[in-house]
Every structure is written in structure tokens, then in C-alpha cells.
Amino acid sequence: MSIKRSGTLPDIINIIKGCLAGSRRDQELLYRRHAAKLYAVCLQYSGNDDEARDILQEGFIKIFENLIHYKNEGSFEGWMRRIVVNTALEKYRSKHNLYRVDDIDTIPEPDASPETDDYSGLEAGDLLMIIRDLPPKYRMVFNLYAIEGYSHKEISRMINISEGTSKSNLSRARMILQKKVSFYTGVNKKVISG
Amino acid sequence: MVNKEANIDLLFRNGLRDLEVLPPAEAWTNILPAIRRRQRPVMLLRSAAVAAVLLSISFLAYKWSREFSVTPANPFSAYENAVQPADNPLNVRAARQLPFVADNLTDRKTDYTLAENMAAPVTATDENIPQAAVTYAEVPDNMMIPGNIGIPSLASASAGLRYRTAVVDEGFDKQAEIICNLPVEKQERWSLYAGASPDYYMRPGFNNAKVPDQIYQSEQARISYSGGIGFAYKINRKLSIQSGIYYASVGNEVAGINSFAGFRPFDQTKGDHNFEVVTASGRIYTDNSDVFLRDISGDRVLTRYTNDVFDPVKSDLSYLSNSLYQNFSYLEMPFMLRYKLIDKNIDFNLIGGLAYNFLINNNVHTVIDGSKYYIGKTEGLNPILVSSSMGMGIEYTISDKFSLNLEPTFRYYLSPFGDATGVKTHPYSFGVFSGLSFKF
Chain W
319 MSIKRSGTLP DIINIIKGCL AGSRRDQELL YRRHAAKLYA VCLQYSGNDD EARDILQEGF
379 IKIFENLIHY KNEGSFEGWM RRIVVNTALE KYRSKHNLYR VDDIDTIPEP DASPETDDYS
439 GLEAGDLLMI IRDLPPKYRM VFNLYAIEGY SHKEISRMIN ISEGTSKSNL SRARMILQKK
499 VSFYTGVNKK VISG
Chain Y
23 MVNKEANIDL LFRNGLRDLE VLPPAEAWTN ILPAIRRRQR PVMLLRSAAV AAVLLSISFL
83 AYKWSREFSV TPANPFSAYE NAVQPADNPL NVRAARQLPF VADNLTDRKT DYTLAENMAA
143 PVTATDENIP QAAVTYAEVP DNMMIPGNIG IPSLASASAG LRYRTAVVDE GFDKQAEIIC
203 NLPVEKQERW SLYAGASPDY YMRPGFNNAK VPDQIYQSEQ ARISYSGGIG FAYKINRKLS
263 IQSGIYYASV GNEVAGINSF AGFRPFDQTK GDHNFEVVTA SGRIYTDNSD VFLRDISGDR
323 VLTRYTNDVF DPVKSDLSYL SNSLYQNFSY LEMPFMLRYK LIDKNIDFNL IGGLAYNFLI
383 NNNVHTVIDG SKYYIGKTEG LNPILVSSSM GMGIEYTISD KFSLNLEPTF RYYLSPFGDA
443 TGVKTHPYSF GVFSGLSFKF
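Line by line, the protein sequences are chains W and Y.
With the first sequence counted from 1, adding 318 to any position gets you the numbering used here.
With the second sequence counted from 1, adding 22 to any position gets you the numbering used here.
I should point out that these hints are in silico values taken from the structure, not numbers from a laboratory.
Possibly wrong hints are sitting among the right ones.
Lysine-lysine pairs mimicking BS3-like chemistry, simulated, CA-CA at most 30 Å apart [said to hold, decoys possible]:
hint : chain 1 : residue 1 : chain 2 : residue 2
1    : W       : 409       : W       : 471
2    : W       : 355       : Y       : 336
3    : W       : 355       : Y       : 394
4    : W       : 335       : Y       : 394
5    : Y       : 394       : Y       : 256
Computed beta-carbon distance windows for the label pairs [claimed, not checked]:
hint : chain 1 : residue 1 : chain 2 : residue 2 : range
6    : W       : 367       : Y       : 335       : 17 to 27 Å
7    : W       : 485       : Y       : 35        : 34 to 44 Å
8    : Y       : 372       : W       : 411       : 22 to 32 Å
9    : W       : 485       : Y       : 239       : 32 to 42 Å
10   : Y       : 239       : W       : 413       : 24 to 34 Å
11   : W       : 386       : Y       : 335       : 43 to 53 Å
Ideal Cβ placement from N, Cα and C applies to all residues, glycine included.
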């Protein structure tokens, strides 16, 4: 194979400059470098793969459009992540009315299983699967609060709910996650020991 | 309970922190056209901005050059200033008798009319002042015009120039003297120039069902350039012809074609190429047997190694890029006419003509980590192109011999680059040639 490679990976600042100058190569380089991580974020916020792909695409288009506003302050990856999360939020808000109000009543209760704090058997992929199984309202609040670190006040403004609703949604989300995690770790342990 | 909540939060926060999942392959190809659509208006705005800046510069330069021509440094203007004071009746008379028009004077073809109280109007030009009526004399320094009309600034301004005075014969008012500025002009008919220009190529919309929309959508011109040397011959004061030899490089990006390296061990083809890619300019034939090509969403790639026969991912080929870059190099011989519209310190010219472009090289490559990876050649290209150009030249004289040129030029190709797709498309380009010329 005769691929000629020269130099080290271009510095992110140079890639950003290239993107701002309209360089296709740098745009693709930026995408290839960060797409996998950002796609994981998209999956975390969406219930299905098509929606996640849409969020990723729209997110990257916004990233390219708004690169000029990036002030080189703080982590570039964090800046991109915020754009993708905001895109997911927009998507959620636009679909909000489509989700049934009685989601809360239709949550399938996990089977009773031994609760444990030992989560060592869970991989990142399992966690992603569990979080994606949450109803959208709970998933959104849990992601924004527990993963992104927003307060209930901020979340209430972001998705147009009251602080009380945000707190109760978070509580429900945690409860479901706790049970599912316990269930999966319990199953894993049984499989290993049995 | 609080601990448990904190644990579950931490579990997900830490567990998902470094998670990476490869997005579907089509995600990037869907992003690309959206970025392009948004960039096109920006490109148009930029072009409009460049055009506006050039027009503004041209206008300012024109205004400035007009102002420059009536500054006191000009001996004739100095003379006008010298005869302006009105308190001396003789001066008033002299001023009325010598109604010089500065614009005429600077045009170096003087047409002086002595009017009003003259017995008979006399018209005198450089060439045709009647010998019987006019005598010439060298103007000595500190010369005083009879009637005590002093022109002190004239003497100081005359350094380096040869002045003559045309004294209208005795029948006319003795005080009416025409001072002619007749610098001896050496005719420099030839000039050599060198310069370069970035060019932006565009293609008209195909509007033709024969060319799949995908080909048009996926191809985009890249910034190209040309540069070289030339010469010009001045036929007369206004008109000149010019020619020369230029090297021009034209680039084109074909997006949406995935390329992989490492195909050689799987290559069973006996022919000279494995892949063909249909483009608007011609067909790309792969010369490099190590390369594997696949159209992401269309059928522009013609090969026997179709999706059901060969999977580059399963075969562990190295992904290179999703764009191919065509490069065409031409030797260009222009034959241009240049007409001088404004002859000042900054000249303005209209330029137009034809150019013959001889294809000397063409290659196709892709780019990985800033390095070129050779793919092959484009077949079906027109070996000789004829293009027509029209532009506006701005020439700033630095010295007697040297001048700077700036020429925004529009070029239209009378011949198509190629007609492999069955439709002849005539590209056009816009460039700003800048360079230096030397007169001799």
C-alpha cells in the first residue's frame, strides 16, 4: 500500500481555520475526528437511530455555521457537544406535543430484582441502551441534570416545564434506571455464577 | 437513598463519558450538500464584495488621477495661478487673453484660442502653428513676460523639461504669449510584463436531462490560478496588442466518491483500469491498481467490482477520502487588444481578445492528511480550448519604465472542457491578473 502520509495530525485550530476558509478537507477532518463521540451523545438523547442521525447531521451543520463564533475559550469538544445537545433539545421541543402526556402511567415497571450498588458488570453500551429505553421526558431531564449538569431551574426553561415537574421527572427517571441497572447487573451475576 | 441517586447519576455520567459510536456512513454525505448550499450565497456575496471593492478603487483612482492633473506641480496650472491676481488691470487682460483649459493642456495636444479682444482668433497646435505667424524662442530662467506679468513658478517647474514659447506675430497683442509645454516624448512601443492571477471557475447550470443532477450537484470548481510572461506592442497612443505564454491550472472537486487504498492484492483485472468515474468534464480512469472507488449514493462509478462482488470494509482496505480532485494544466497563448480609455498617471484600459489553451497535463488525485494520493487521469478532454476574455485594466505608472497592472478579467470558454457526458458545457471564469510591466 502506498499511502503517503506526512506530518502530524493538524492542530484543531488549523482545522477550524480551514473550515472557516471553506476547506472541504478540513470540514471532513473535523467531522471524522469528532463524529463518533458526538453520535454517542445523539444516541443518548434520542429513542431511535434515525433521530440520532438527524440530530448529528443538523448539529454538524450548525457547528460549521457557527464556527466563526467560537472564541477559542474552553474546550472545543465541549462547545460542539453543547451545540449537539441544543439540537437534540430543539428536536425534542418540536416533537413535544407528539409524546403522550400519560407517558408517566405507561412506563413498564421492571421486574422486581435484587437491588445492588455493584455495577461493575455494565458496559458503556449497556448504559446507553438503558438510558435510551427511558420515556423521552425522563430521558431528557436525566441527561440534562445528571450528565450535562444543568440545574432544575435551567432545565425548566429549556424544555418549558416547571421546576417541580423537572424534579419529579428526574426522580422517576432515576427510579427506573436504578431498577433496570439492578436488574441487568443481577442477571449478569446470575449468568456468571450460574 | 441520596447516595443511591448520586451513584446512579455518577454511573451514567462516567460510563457514557468516553463512549464513541461510529455514525452511519451516509451521515457525512448528507451534511456536505447542506454546507455547500449555505456556502454558495456566501461565495456570491464575496464575489459581489470583491467587485464592489474593485469598482470603488477604480472610481477613486480615476478621481485622484484627475485631481493630480491640475495640481500646482503642473507648469500650466502654475501659470494659471500666477496670472490670477486681479488687482493689476494688465494681469486681468492677460488672463482673459490666455484662456487655457487645463484638461486640454495635459492632453499634450494643445489647442489654444485667443479670443475676445484679439483682432483675429488664432488657433495654434503643436504641429501646425504657422511658421510665418509664430517664432519660437527658448524660455530663459526667470523670464518675465512683457507687461511685468511674472511667472516665477514656471521657471522652477520647468526643470528637466524643454519649453518653447510661441510668440504670436506683431499683428497681435504683444502681450499675448502662449507658453507651450512640449516635453520631448520618446516613443516606447514595446513592453514586457509578468504576472499571475487567481481564477474562480464556474459552470452554467446544465438544465439538461442528459446530465444526471448528481453530477452537477457533486462537482465544484476549486480556486485555480494562471501566471506567465507576455509582451505588448503599442500600435498608437490608444491601442496596443499583446500576447505571451501562460501556465494555467484548473481544479475540480468530485464529491461523493469513496476511495480506498490496498486493493492491489484483490485486483484480478487484465485491463488497464479497474474503475471509471463519470464526470462533467470526462471520464476518470484509474491508473493506480491499488485504489478502490465506490460511489456513495449514485452510479457514477463503473466497475466490475460492484457492492455485491467486493466489500472494501470487509477486505480491510484503508479509507482515503470521499472526494476526487481533477487537475487540468494548460499552456495558454492569448491574443489581446488593449484600448486606453484614460491616459493619466493611472491608466484605464479596456482589454479583450481570444486565447488558445493547450492541454499539457491532467491528473486525478485524492487527499489524505494533506498528501496527494494518485488516482488516474481524465479521458475525453478537449486538447485545445479557445477562450474569450474581456476585462478592465488599471495601470499605475511607477516610473518611466515600470508600471503595475491590475486587470479584473472575465473569461468564457468557447470550447467545452470535454463532452464525455454528451452535453457540451462551456465554463466561465473570473480572475484578477496582477503584475509588473517594463517598457522599452
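Here is how each hint holds up against the structure:
A distance of roughly 20 Å separates the Cα atoms of residue 409 of chain W and residue 471 of chain W; the hinted pair therefore holds under the 30 Å criterion. This hinted pair checks out: residue 355 of chain W and residue 336 of chain Y have alpha carbons roughly 23 Å apart, not beyond 30 Å. Between the alpha carbons of residue 355 of chain W and residue 394 of chain Y the distance comes to roughly 28 Å, so the proposed pair stays at or under 30 Å and holds. Distance hint between residue 335 of chain W and residue 394 of chain Y is fulfilled; the C-alpha atoms sit about 21 Å from each other, no more than 30 Å.
Between residue 394 of chain Y and residue 256 of chain Y the alpha-carbon distance is near 45 Å, which puts this suggested pair outside the 30 Å criterion. Between residue 367 of chain W and residue 335 of chain Y the beta carbons are some 19 Å apart, a value that agrees with the proposed interval 17 to 27 Å. One distance hint, 34 to 44 Å for the beta-carbon pair residue 485 of chain W and residue 35 of chain Y, is violated here, with the actual separation near 18 Å. Distance hint check for residue 372 of chain Y and residue 411 of chain W: the Cβ-Cβ separation is about 59 Å, which falls outside the suggested range of 22 to 32 Å.
Range check, residue 485 of chain W to residue 239 of chain Y: Cβ separation about 50 Å, and the 32 to 42 Å hint is violated. The beta-carbon spacing between residue 239 of chain Y and residue 413 of chain W, approximately 30 Å, falls within the hinted interval of 24 to 34 Å. At roughly 36 Å, the beta-carbon separation of residue 386 of chain W and residue 335 of chain Y lies outside the given 43 to 53 Å, and the hint is violated.
Checked against the numbered hints above, the structure violates hints 5, 7, 8, 9, 11; every other hint is satisfied.
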